[in-house]
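*Asks:* Residue strings, one per chain:
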Amino acid sequence: MADTTEALVEIRDLAKTFDVSKPWLARLLEGIPVQALKAVDGVAFSIRRGETFSLVGESGCGKSSVARMVVGLDRPTRGSVVFDGTNLAALRRRADIAPLRRRMQMIFQDPYASLNPRWRVTDVVAEPLDAFGLVGSRSERTEKVADMLQQVGLSPDDGRKYPHEFSGGQRQRISIARALAANPDFVVCDEPTSALDVSVQAQILNLMKDLQQRFGLTYLFISHDLSVVNHVSSRIGVMYLGRLCEVAAASDLFRHPQHPYSRLLLDTIPDVAMAGRARAPVPGEVPDPIDPPPGCAFHPRCPFAGERCLQERPEPAQYGHSTVACHAVEERRIPPFSRSNPGR
Amino acid sequence: MALLKVDRLRVEFPTRHRTLVAVDDVSLSIDAGEVLGVVGESGAGKSVTGAAIIGLIEPPGRIAGGEICFAGRRIDCLPDDAKRRIRGREIGSVFQDPLTSLNPLFTVGQQLVETILTHSDRSAADARRHALRLLGDVGIPAPAQRIDAYPHEFSGGMRQRVVIALAICATPRLIIADEPTTALDVSIQSQIIALLKRLCREHGTAIMLITHDMGVIAETADRVAVMYAGRIVEVGRVRQILRSPNHPYTRGLMESIPRLDSDSARLAQIDGTMPRLHEIPVGCAFHPRCPDASDRCRENRPALRMVDDPAAVACLLFDDGRADG
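Chains as they are written, first to last, in the numbering used here: chain Z, 783 to 1126; chain L, 18 to 342.
FYI, nobody ran anything at the bench for these hints, they're computed from the structure.
Among the hints, a few may not be true.
[To be verified] Result set (SDA-like, lysine to any residue): computed pairs, CA atoms no more than 20 angstroms apart in a straight line:
(1) Z:K991 x L:Q286
(2) Z:K991 x L:A285
(3) Z:K991 x L:H169
(4) Z:K820 x L:D288
(5) Z:K943 x L:E272
(6) Z:K943 x L:G289
(7) Z:K991 x L:P158
(8) Z:K991 x L:R283
(9) L:K214 x Z:P1065
(10) Z:K804 x L:G289
(11) L:K214 x Z:I1051
(12) Z:K926 x L:P275
(13) Z:K820 x L:G289
(14) Z:K991 x L:S281
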């Protein structure tokens, strides 16, 4: 019997650096050095079998880069992704990677861009089946596609149509059917509901939850929307400028956030319970990732920043059940958290 | 007296096969210094309503009925250059994507100065001083150094501040803000919301805030109008609507928002989607998705009726005094 706390995916010291230099002639003439953008820098976490692990953060924090490296769309500059005991970076031959690839699938943000407009829905959904050679006969293929469409709440007849005949929510259902067609264990969802209206978002989130139970799926969920993340996740990693600030169980993070950035995020979500109440907005913006501040990248915006934060980069450490990278937390300089709207 | 009064507005888009009605029988009013939120899902007609008010409906689309009165004057049937004089000077606008609202070929200063000169008879030097003051006013740090930068040199939040500076440079009495924070990150979003609220308080500017985000409405607006399929289905004070929504659509919408203070495993969902413009059902447009729909709803289109002043709702369930909320 499978151990439920066993890690399905383990991410170790993952880093991705993009070269954003000007062309070499321009560098030569203007005498400027090579510029590197550290999109992801030393991220480590593990995802347990059957759970939903979420990465949250503002745009440019590196959450989508992590997702792309986890499924192998980008090659990490450093570090490794271990899937079910196998280090993906160590595999070089296509034949070795393919069986693992089948077990990990991805759902993308924009359902208008992620479906080929010239393919019928049947062919879209059957693409992973064809790619991994999972079905023998034509009738088996049709049957499998019809089954997948029904699982996501569409009708088998919809397979004959083209993607443009569907609404945004229905298209996202087609993406989900395609992701699940190859019967994966692990699905990476990159902002799956960000392009949808709220009433449709609720339908898709409910569907994803049902399918997770039905097929025993493990999700890596990427989102910038904390209320969605709170709703779907078992554990959450908060990212800022390419690094993890805090990894905690969803209930811990939302009740007792420790890292000052997690607190800032929780405090700035516009909430329907906030009607008519004023709050002080957080000053500052995310700094330029090409030239991040020294020490802790968050110190220019942090109300608890001290001398040490300006120079020394905090490393993640365990506090209670959470992992936090913050000097102020280590030195116990942070008061207990209370949201701007008390009484809830 | 209301600063803006929209009465039974109807906006049509003729196509080859049929005429699509994007906004149908919409009436609303905004007082000076008030923030009216207009909320709805995509295709509800909220942006078209905003565009009609500032006279930016692109032909062949047209205002096919109703009246728009601004400061006691009817503005929907004015000739184009009269409209252009109102636009920018009396009614400012802020759109979703700050990058497409700004011209990438001109510096922020040039764009501000041009706008100021168009709307006032200041000298060029005075206009530049005013531009600097505006940039400081919307919270751009060190405006003297930033005024000669191009839009691409600003971050998304700073660009949106520039767009707001452009919108307020003639101190308009009304700003139409169409999804002003949708393209921004949450921490920047809260800064922009605070800025809009401050402008409203300090200058007495009225704001029509169009958004799909109930959270933004909850924090910013005084009153809110909920739109569905081109019509207003419910309108009232924000707290009234958020605490005890009356219309089944508003209720469903509120329940489908994941909330931080709830741990329930499933979200309440409204099945189906908003009808497209060419297939709006007869009777109440919401009836195919409504849990409380009866035969009457399939035949009669409900009108907006006052239920609990100033809350009004367009639903047959409330037509015969059966209002129980």
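*Asks:* Honestly, which of those hints from before does the structure not fit?
*Replies:* When the structure is compared with the hints, numbers 3, 4, 5, 7, 10, 12, 13 turn out to be violated.
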